[in-house]
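Model the full assembly from the supplied sequences, consistent with the hints where possible.
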Amino acid sequence: MAHVDLGSTPLIASMQKIGLALIGVGAIGLGAAYALHGQERFFADYLLGFWYFAGISVTMVFFSALQYLARAGWSASIRRIAENFTGFVPYIGIALIPIVINMLGHHSIYEWSHESAASDPILIKKAAYLNPTFFIVRLGLYALLWIGMVKYIVGNSVKQDTAGSDITPTKRNWKRSAPWVLVFAITITFASFDLLMSLEPHWFSTIWGVYAFAGHFAASLAIITLTLIALYKRGLMKQYITLEHFHDLGKLMFAFSVFWTYIAFSQYFIIWYANLPEETIYFDVRTSNGWELFGLLLVLFHFVLPFILLLRQDVKRKMAVLTVAAIVILISHFIDLVWIIMPAVSKVVGGTHMSANMMFGWSEFTGVVFFAGVFLFLAAKNYQKRSAVAVNDPLLNESLEYSS
Amino acid sequence: MTAQHHEQVREPLVLGNPSLRDVTARIASIVESKISMKYLLTLGFTATMAGWGLFALYYTITTGIGVWGLNNPIGWGWDITNFVFWIGIGHAGTLISAILFLFRQKWRTAINRSAEAMTIFAVICALTMVLSHTGRPWLFYWLLPYPNQMQMWVNFRSPLAWDVFAVNTYFTVSALFWFVGLLPDLATLRNYVKSDLAKKIYGFFSFGWTGSTRSWHHYEIAYMILAGISTPLVLSVHSVVSFDFTVGILPGWHTTIFPPYFVAGAIFSGFAMVMTLLVICREILDLKQFITLKHLDNMNKIMLATGMMVGYAYILEFFIAWYSGSDWESWIFINRAFGDYAWAYWTMFTCNVVSPQVFWFASARRNIPLMFIISIFINIGMWFERFTIIATTLHHDFLPASWGYYSPTWVEISIFIGTFGIFLTLFLLFAKFVPVIAIAEVKSILPGAQPAHHHGHDHDHDSAHAAVPAVATEGGH
Amino acid sequence: MSKSTIGVVGEFTDVNALTAAVAKVTDAGYQRWDVYTPYPVHGLDKTMKIKRSYLTYISFAGLLGGITTALGLQWWTGAVDYPLNIGGKQLFAWQFSVPIDFELSILGTALMTVMGLFHLCRLPTWYNKYQDDESFKKATDDTFVIAIDADDDRFSADNAQQFLRQLGAQNVHIVHAS
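Protein sequences appear in the order of chains A, B and C.
The opening residue of the first sequence carries number 1 in the working numbering; numbering runs sequentially from there.
The opening residue of the second sequence carries number 1001 in the working numbering; numbering runs sequentially from there.
The opening residue of the third sequence carries number 2001 in the working numbering; numbering runs sequentially from there.
Check each hint, because a few of them may be wrong.
Unchecked claim - Derived pair list, reagent style DSSO-like, types lysine-lysine, alpha-carbon separation capped at 30 Å:
id	chain 1	residue 1	chain 2	residue 2
1	C	Lys2129	B	Lys1200
2	A	Lys175	B	Lys1038
3	C	Lys2137	B	Lys1288
4	B	Lys1432	B	Lys1288
5	C	Lys2046	B	Lys1194
6	C	Lys2046	B	Lys1106
7	A	Lys17	A	Lys171
8	B	Lys1200	C	Lys2137
To be verified - Have a look at the derived ranges for each label pair, beta carbon to beta carbon:
id	chain 1	residue 1	chain 2	residue 2	range
9	A	Lys171	B	Tyr1059	56 to 62 Å
10	A	Ile308	C	Trp2076	53 to 59 Å
11	B	Gly1339	A	Ile308	46 to 52 Å
12	B	Glu1011	C	Gln2166	18 to 24 Å
What the hints contain is simulated information worked out from the structure, not anything from laboratory work.
Virtual Cβ for every residue (Gly too), placed ideally from N, Cα, C.
Structure (structure tokens):
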């Protein structure tokens, strides 16, 4: 089948333009945040935006690897959409540089890197793991492994486009997707420990990696759905998208919103019930000074709304509902990260009491806007480079024929 | 070109290209064949095991729980280990019937019936364990909220009360799901078998199912709903079981990853048990046509995946125990790996994490003796996982004065053997008298069983019409 | 009593021919008729223009009933009827009620779904007017059977038989009450 070249369509052109515009606006915004709010909040905002889109881009590679691992037929014609959104992955190393600079500065957002940590009885015990050098080495390692993953999985997928009836590239992915999924599981876990959990260095939770994954996966599905709707409405890729794809994506968005809720509730519930001071402090800080509002919004946007919107069978085929649900999930992911990151940075200790000041305003959007721009711009580049559909995938026919 | 790919990449799910009649005849022949001596002997053996276990239970109930090896500080021993073990075994059935159904994994049709049966039997074993653990099982109704002369209610703040609801719901829903799945097949047998008595029995239990399209319409929706609710149910059941441990504050038990980790472990152990029995079943009942190497291959992959998840949790627990900076946490894990129960810990680790690694190799995933051995290893390993969790946390309490060691007595061992007897006896009866393969479902995935074009897209006017390419190949659904 | 006519049946073995025939029977305007198949044939219910089942609403009622029972039970017994301080824990809190709320919602949904299914399919009914017909018996095995009931307003034994034969049905015959 002929390649589907969407590189010169208005949709991709505007994707690129919007990407560039967002990069500009975001960069100015981040600069203003630095100038007006100081370096600490700037770095927190930067981290927020970075982790939002870095996490999603890496999860997009995982999405593709998972389809290979499961030999999924249904997704063959839409898998490239996820693969094109991995454009940011090779640049994650560069985007991490400000975080490294922050670490090397004298008062980073990571409390454990402060001089005072040396006299903290708990933090001394963790110094073998939580120290700037090892932290930077680990970040470098994640960045490299993620590049390897995207080069292998997406690389083979693209190679299949021109391989004719030889399905060696696909076979390679079938074979090697499992170890890459394993690499993904380990790196996303420890990256979420390093970048987010260690913002509160005294606190710990074994489920944290699963929690991070669940949020990113739901958000990735939302972005795939929105893109698919945009392509569909414009009649692009028409012969490759069926209503069944929307149905399945709706189902997956529903499932992973619920899965996130399950993981989030498990974490909250176990800590709430046991009520150990060193653990409850995390939720204590986040349920006072107005942060409780974010907690409630999180329940509303990450669980209640997606659940109600996507529960019925027939709505999973309605573009309007899917669009709303996907946007709700993307907002919820933002709320989630704000709720995790900002109170950790605005925390104040007064005697035995610990709380976090409200720290939320325009500047929290700057990092996300900037990285949204990077994310879209680099995705648009991918559309210009390659076919928008894995046209030569051996399972493509199944993807077009199946029905539920 | 792509059609050729199609041939290469998908193995058939049913071998030998049988007709619809062949499927009916094949499954019905198991039911209709004469009961062999071999079958009777096996049944006698498992029934003896069950009887021996029931005798040990009788002895426990009439004498008291003191006949077990429990002591202070170890108040939970083999009873709770076996309870969690059996509940876990059940999870594979629900996973195969519900989650794989929702994910359109058509290969499930050959194995879902027997896996669901195992779920029900495993939950029966789990209930046996947990009821005997109460010490006075004849007062089981105290676990339920009912108005009584003491004016007392169940303590809903206790995770043990949640367990009562979770396990009973699980049993009820699994049994309903199983029965709904059986209805059409029982009707098939009703119309097919020759013996009058069998006709009457299958006729009674098939409830007069006719295969009417108007009924199938409701039926498919009901099946979808039951699959839909069984999926979160299966996650919740083992999560609630994990709450028995996690909501307390004991080091080694109180850790946030427990709910998903328990669920992964449950699926892992359940698949191992399904594998152990299916490998035997497909030999003895000659079901190789339906339960192909492809099915076994897929199951081995799931075992590898869930085994990795369990391994992920083992390693993460260790890391966070150290990372927490809590002396209690760190110590309990060092003790787990190097203390009195190190032998149990390393048995668990070897069986659960190391042994399934052979399934990275495609040839190992299709090697029947090997997968049989590995599945038994996993059964053992998953039992030891629960034992390790329970014993290592309890045996060294916070004060050295309350340190102890626990070993089971012959009574506990006999009861455990007895639960295997119950499980296997029920399974043998099932395999002989109930259709072991979901007949209607297997028929529905045979090549050519579904219309080449079907027009299922006449949906609401505001949802845009999808382009359905006019490519018609067999078995595209 | 003389043998009365129950209906006319015809057999199909090819699923594509069946689907085409079912569409024609639907178009002919018959109301009281059915297709008996050994497994659910994709799209046949839509071809027959069967109204969408309201089973989902019954299930949803079960869900609401389950969660209401769970919340009511835990709150009333714990905080109202017999408030008892256990370890200083709250008498009622939404957090600890979640496991049972969830389980009873599922239980309620499952029970209502199965009862709803039985009601909608009229199960158990250990009698069917076609039950002694050989074609009908094969419908749970390997044959697709179209049956047009005699109590349909448009029914006439001759026309129905001719119609089914035209559509390619085999072994078309009248079923009499025994």
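Evaluated hints:
no.: 1; hint: C/Lys2129 / B/Lys1200; verdict: 17 Å, holds
no.: 2; hint: A/Lys175 / B/Lys1038; verdict: 42 Å, violated
no.: 3; hint: C/Lys2137 / B/Lys1288; verdict: 28 Å, holds
no.: 4; hint: B/Lys1432 / B/Lys1288; verdict: 17 Å, holds
no.: 5; hint: C/Lys2046 / B/Lys1194; verdict: 36 Å, violated
no.: 6; hint: C/Lys2046 / B/Lys1106; verdict: 23 Å, holds
no.: 7; hint: A/Lys17 / A/Lys171; verdict: 37 Å, violated
no.: 8; hint: B/Lys1200 / C/Lys2137; verdict: 15 Å, holds
no.: 9; hint: A/Lys171 / B/Tyr1059: 56 to 62 Å; verdict: 59 Å, holds
no.: 10; hint: A/Ile308 / C/Trp2076: 53 to 59 Å; verdict: 27 Å, violated
no.: 11; hint: B/Gly1339 / A/Ile308: 46 to 52 Å; verdict: 50 Å, holds
no.: 12; hint: B/Glu1011 / C/Gln2166: 18 to 24 Å; verdict: 41 Å, violated
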